[in-house]
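Student: Chains as they are written, first to last, in this note's numbering: chain A, 1 to 313; chain B, 1001 to 1321.
Derived from the structure by calculation, the hints contain no laboratory data.
To be clear about the criterion: a stretch of chain B counts as covered by chain A if any three or more of its residues have a C-beta under 8 Å from a C-beta of chain A, and this derived list gives those stretches: (1) 1176–1186; (2) 1189–1196; (3) 1204–1218; (4) 1283–1296.
Since the model is a prediction, treat every value here as computed from it, not as a measurement.
Cβ atoms here follow ideal geometry from the backbone N, Cα and C, with glycine treated the same way.
One-letter residues, chain by chain:
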Amino acid sequence: MRLLLILLAAQIVFGQAARGGQASRDGQSSRDLEGVWTNTTITPLERPPDFAGKQFFTPEEAAKFERETNQRNDADQRESNPEADVNHAYNQFWWDRGTKVAAGLRTSLIIDPPDGRIPPLTPAAQKRLQAQAAYARQHSTDGPENRSLMERCILWPTAGPPMLPSFYNNEYEIVQSRDSVVIVVEMIHDVRVIPLDGRPHLASNIRQWLGDPRGHWEGNTLVVDTTNFTGQSRFRGADENLHLTERFTHVNPDMILYEFTVDDPTVFTKPWTAQVPMMKTKSRVFEYACHEGNYAMVDILAGARTAEKKNAK
Amino acid sequence: MQARYAALVSAVIFLAPISPSAEPTAAKSWIAPRTPDGQPDLQGVWTNSTLTPLERPAQFAGKPVLSEQEAADYAKQVLQQVNSDRRDGGTQVDVNRSYNEFWRDRGNSLVADRRTSLIVDPPDGKVPPLTPEAQKRVDEARAWMQDHATDGPEGRTLAERCISWTTAGPPMLPGPYNNDVQILQAPGYVVILNEMIHDARMIPLDGRSHIAPGIRELMGDSRGHWEGDTLVVDTTNFNGEVSFRGSDSNLHLTERFTRVSPDVIQYEFTIDDPTAFTKPWTARIPLNKTHGPVYEYACHEGNYALTDILAGARAAEKSAK
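Can you make the complete structure from the sequences, with help from the hints?
Tutor: What follows is the structure, given as structure tokens:
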């Protein structure tokens, strides 16, 4: 009887937590991931060499790291060096990189391998990436196709999946129903609709920029399994064999612990995993204007054509 | 007497959904399924493909609804006209038809109630006249376009630039292909994902106010609420660059979604933009259940049209010398 009451009470508390959009304060997680979240942080994906062998900052090291990083990132500084100052014209007003290391004081977002670094590439992948990089160097201004997917407003490398903090627009809006979870990524207003109904992946010949996600619950963790990438998305060198596993756990009212594992045996010599806290924010997600009012692409190519003419004479 | 009356009523109910004059809510006997939190369930993948034009064609002036035979004849006529697999137009036209029927998905029939226009109000089935100022603005924009169509990418349409698709809306209209719309519902939200061009609208239902008037968006700012079993979505804060049939930034769009049968959502929208149109106007389009999934839309990828159009224009300029 007492056991039954406890179970019942637990269920009531739990049920309310799930409906109210709150994870309980005592560390119990809930299946409710709805809301707007931000993963803004200056903790780097990979551990900086200065912190080799050191998984966590001490509070003093964290403060120093924040001070130095924020100083370096400050686009409002004017160093009396015209070139640097012109590059800083895209000033602090536009940036939203955060000023703090992530909760938990890790020195890298990567938690596995333990050295906090992306594992070495396979020789084949290394060769492919070198050839691509060499081609890109020689042909970077041939035409719009040679510019990055980001400049072309097709895909943002940090918008993912997997999702990583970038220099601005780090907001994610999550809406969920029984059968689907929807994630709107502010950068660059891409939306992922993740079915939870157990349907199989798309046929292997259908390839998408954002891959093909399928979700399921493991306890109170939403596990999203994504395959069918195009291979052109190239997350950190990944190819079309990328198998991405993401885990979303609402660990406290203000935080989803987001973890992803990159498994791509033709590219990385072993799988690797990163953990990124996503914090509740009151921000709203607005439309992202990528091409609109942005003349960089035209100017880059026009500049290259002008330079060619000048050199030809 | 009693029995005959009942039989008559059931006949009316039975016939109502296919009767040309039937209002979308006529089939009162059918109750839409509910989501777990009790909202009418609009979820699934739907298509608005249809051959019915937005505006009533001149040939059907004064005739809002066709007979079955007329509808079949008209569908045949339209399919013949638009058929891009024909090779009977001379070289130039045939080349233009190389984007052939394989790519198209226009549907092959009129809307089920055989209306001659998607517009149901005004009764003439036409977009009302523009105000004189709007007409002037539209004419000037068109004249500018004619002179500057190939100056640079900015001179091309928003659709060619993969920024916004005219039929993806809001409001949503049938286009030549990718007419699929996925609707998802969660407590407090409706999400509408339009295959064209993979834009998603997150529509809050919690009664929050619109964003400040200083913030303008290509797709506007949508707020939803339920009126009975109808989802009503109210959208303002358009930026005016997406000029829907001449609309400007004052466009106030009202969309109504009513699931009238297992396989149909009746979608209705009203355009109210007093600085652009001389009166509001309303269109009604059935969204028919279809099989998913909705795939990613590739717009720029592998598409060399924009580059080729501009390169062609530059080559023409050079050869004119």
